[in-house]
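Model the full assembly from the supplied sequences, consistent with the hints where possible.
Protein chains: 2
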Amino acid sequence: MSDSMEVIENPVIGILDKKIVFVDTQKNRPPESYTAKEVLDMPGSIIMPGLINTHTHLPMTFFRGLADDVPLNKWLNDYIFPAEAKYLNKDTAYYGAMLAIAEMILSGTTTFCDGYFFEDSVVMAAKSTGMRAVCCQGFVDFPAPGIPDPAKNVQIAKSFIAKWKNVSSLICPALFCHSPYTCSPETLKNIKEVARNSKALFLTHLSETIKETQDIKQQYGNTPVRYLNSLGILDDSTVAVHCNFVDEDEIRIFADCGVKVSHNPESSMKLGAGVAPVPEMLKQGVIVGLGTDGCASNNDLDLLLEIDTTAKIHKLKTMNPTAMDTATVLRMATIEGAKTLGIEDKTGSIEAGKYADIIILDTNKPHMIPMYNCYSQIVYSASGADVSASIINGKIVMKDRQLLNMDVSDIMDRVRKIADNIKKDR
Amino acid sequence: MSDSMEVIENPVIGILDKKIVFVDTQKNRPPESYTAKEVLDMPGSIIMPGLINTHTHLPMTFFRGLADDVPLNKWLNDYIFPAEAKYLNKDTAYYGAMLAIAEMILSGTTTFCDGYFFEDSVVMAAKSTGMRAVCCQGFVDFPAPGIPDPAKNVQIAKSFIAKWKNVSSLICPALFCHSPYTCSPETLKNIKEVARNSKALFLTHLSETIKETQDIKQQYGNTPVRYLNSLGILDDSTVAVHCNFVDEDEIRIFADCGVKVSHNPESSMKLGAGVAPVPEMLKQGVIVGLGTDGCASNNDLDLLLEIDTTAKIHKLKTMNPTAMDTATVLRMATIEGAKTLGIEDKTGSIEAGKYADIIILDTNKPHMIPMYNCYSQIVYSASGADVSASIINGKIVMKDRQLLNMDVSDIMDRVRKIADNIKKDR
Chain V
141 MSDSMEVIEN PVIGILDKKI VFVDTQKNRP PESYTAKEVL DMPGSIIMPG LINTHTHLPM
201 TFFRGLADDV PLNKWLNDYI FPAEAKYLNK DTAYYGAMLA IAEMILSGTT TFCDGYFFED
261 SVVMAAKSTG MRAVCCQGFV DFPAPGIPDP AKNVQIAKSF IAKWKNVSSL ICPALFCHSP
321 YTCSPETLKN IKEVARNSKA LFLTHLSETI KETQDIKQQY GNTPVRYLNS LGILDDSTVA
381 VHCNFVDEDE IRIFADCGVK VSHNPESSMK LGAGVAPVPE MLKQGVIVGL GTDGCASNND
441 LDLLLEIDTT AKIHKLKTMN PTAMDTATVL RMATIEGAKT LGIEDKTGSI EAGKYADIII
501 LDTNKPHMIP MYNCYSQIVY SASGADVSAS IINGKIVMKD RQLLNMDVSD IMDRVRKIAD
561 NIKKDR
Chain B
141 MSDSMEVIEN PVIGILDKKI VFVDTQKNRP PESYTAKEVL DMPGSIIMPG LINTHTHLPM
201 TFFRGLADDV PLNKWLNDYI FPAEAKYLNK DTAYYGAMLA IAEMILSGTT TFCDGYFFED
261 SVVMAAKSTG MRAVCCQGFV DFPAPGIPDP AKNVQIAKSF IAKWKNVSSL ICPALFCHSP
321 YTCSPETLKN IKEVARNSKA LFLTHLSETI KETQDIKQQY GNTPVRYLNS LGILDDSTVA
381 VHCNFVDEDE IRIFADCGVK VSHNPESSMK LGAGVAPVPE MLKQGVIVGL GTDGCASNND
441 LDLLLEIDTT AKIHKLKTMN PTAMDTATVL RMATIEGAKT LGIEDKTGSI EAGKYADIII
501 LDTNKPHMIP MYNCYSQIVY SASGADVSAS IINGKIVMKD RQLLNMDVSD IMDRVRKIAD
561 NIKKDR
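Heads up: the sequence lines are chains V and B, in that order. Count along the first sequence from 1, then add 140; that gives the number in the working numbering. Count along the second sequence from 1, then add 140; that gives the number in the working numbering.
Please note: incorrect hints may appear among the correct ones.
Just so you know, same-sequence chains aren't split out, so a pair can sit in one copy or run between any two.
Unchecked claim - Pairs of lysine-lysine residues, derived as DSBU-like cross-links and limited to a Cα-Cα distance of at most 30 Å, are as follows:
1) 557 with 539
2) 423 with 457
3) 214 with 423
4) 486 with 159
5) 303 with 267
6) 167 with 564
7) 539 with 457
8) 303 with 486
9) 457 with 214
10) 563 with 167
11) 167 with 557
12) 357 with 457
13) 351 with 423
14) 457 with 351
15) 267 with 486
Simulated from the structure, these hints should not be mistaken for lab results.
See the structure below:
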């Protein structure tokens, strides 16, 4: 996933401490030419950059399958907001995030960008597991989990950034306004100002449904993208999530302002919302990363499956089988995802100087055979269950499907017990 | 997947020889109430009917990833037909089918309906592995693999049915005309007549692309469905595959004639072809089963992923999140698939008297937790890799991800070696 998109057969990758120090062929670097504390020798595998999930809500693992196949408004107002109000707290957010991290590592994600409430708990989960993460504290204009008084939004935004900035090279704190329909113009501007002053990323759901575009037009006299632009929100530290309904001119606004887009096709399919015009975005030079969205709306965090769907859905939408090639999708899930989050100097490709965020896919399985083209195999045949090892920040966090630095049984038990209470309530 | 769609907690299923003899609760049938040669005790699992793949081309595993992201005509004429002509023979068809069967059993499929050339080899592969199968010999009007002279089509159709009819309760021989654009009206009528006379199923690709509907209209003066109807082809032993472009009246023709539809959404997405109007078909009472299509066009045989896509794609197409519920999709992948193939008296549900075709899903994994609704979990969170055991015709064929009656390493090696030759040619 370097600019040259080089595929190296029989490679050897040297890692020193947290970083990649060389990427070479085994012929150039025979075993006798280096010493290593530990060698992962995995013949017949694909070694690739760890996947980057640019949009999710980790603690929502708690609500996986709680309410499916209902419209967005009903889903939010009748199921999710009430469940969040009653069950979301510091502890449930932490264990929900831990469960999500287990699922993500087991399916090849090494970096996530989360936006939710009780975000301190998500940071703690990320830190305890060694994941690379952009953690965005969430904001709405009504009492929210952890923020009973929305008048304190700005204060909480400032203290969240201050608390987690420079704590670890793995964690970037950031800010997330839920949407233009749940945040006033003032909230959007104020939170963006805090982000700008602290050089933090700013995220928001944007133009997800037709209803949203109609409501915003009615309330503010313009489409969501133009409205946010008129507020001065849009810049190159802004990630707009979904963007299913944006026209040519709005894509031009994104390109001109340097706005990045997080594309979450499965969530928008399941919601019956729409498909973002990603080929047009790419044509205009907009950076696009991939995301799974939260587990209440997808219902999994398997980015390899999202890659498959992305490659297929744009072919269908455009009725053109050449509309989205495998290399483009793989870049969106890796290096372009890193650019979306502004961390492309750290991760997203396997190159000397970058942090070692690497996954290994087992190809010794019936569905991965034969191997004419590794891109095809990763995009169209692999799923998260094919990831056999994962390295984050130079550290092996998963090997042979076993998570090495978390007690996953304990986490699953805790989540099950809390979910039993939610179940009784239904 | 019985008519009552009953979900039994803590069930016990009794199997004698090949058939299910009882389905009950553990409370009603405590361990001391029965004796069993073998007990599979799998707490925390979902036990469900084995999946039924109503349309695939097994030996095409050989061409998985050989040519992706190109238009159907180019894909067929420049890549697939030449590769088939050069590399497909009795042996490659057998080993390609064996690889496909390994992949299918490992991902929860217990019954498949195949349509291809050298179909004797597919039958042999099915027989040697114990899969339940409808095996359709394929026909076109030009020299094809195994049928150099299309004038012999009828003779070969007759002898194929005669050879495999009543050989095993697991195997149903059937006939497959590739499409109305590769078969003349005479071929379609003649092959259908052979099928009718021998009470065998007749399959054909139908109304897959806009181009097909335009070409058939131009050549025969009518849309593909109306054209086949005018030939007297359509009846309740006909399975029409794809059907992306059918209008209300054509769906009514299907309903009136009893034609079944095999829906293969991922293949049609990848091809940029379209989405079959399945909700309208179901509304008019048409039986619809699911299929993966061949590995050269999907590129896997994982029906659980196809289930997920089916549930989502119709919500997107109709912009309605309630358009395709989880129970409906699960029925399409099991009992409705059995009805599609005319074998609903044998398989498709877990009921006393049916053959024991059963799969077990492991829910003790992060992405399967918590469990509010087992349908949601199977449809939206599970993939083929979650299938921990598989029983076909009362026999355990896979347990703990290990295939019990095939040497999968040997098969993978053979396919790899043949694929190396195909690779050199490119």
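Do the hints match the structure? See the list:
| no. | hint | in the structure |
| --- | --- | --- |
| 1 | 557 with 539 | both (28 Å within a copy, 29 Å between copies) |
| 2 | 423 with 457 | both (16 Å within a copy, 25 Å between copies) |
| 3 | 214 with 423 | between (36 Å within a copy, 25 Å between copies) |
| 4 | 486 with 159 | within (9 Å within a copy, 58 Å between copies) |
| 5 | 303 with 267 | within (14 Å within a copy, 65 Å between copies) |
| 6 | 167 with 564 | between (61 Å within a copy, 22 Å between copies) |
| 7 | 539 with 457 | neither (38 Å within a copy, 40 Å between copies) |
| 8 | 303 with 486 | within (22 Å within a copy, 63 Å between copies) |
| 9 | 457 with 214 | both (27 Å within a copy, 20 Å between copies) |
| 10 | 563 with 167 | between (58 Å within a copy, 23 Å between copies) |
| 11 | 167 with 557 | between (53 Å within a copy, 24 Å between copies) |
| 12 | 357 with 457 | both (26 Å within a copy, 25 Å between copies) |
| 13 | 351 with 423 | both (27 Å within a copy, 27 Å between copies) |
| 14 | 457 with 351 | both (20 Å within a copy, 17 Å between copies) |
| 15 | 267 with 486 | within (17 Å within a copy, 53 Å between copies) |
Hint check: a violation occurs at hint 7 only; the rest are consistent with the structure.
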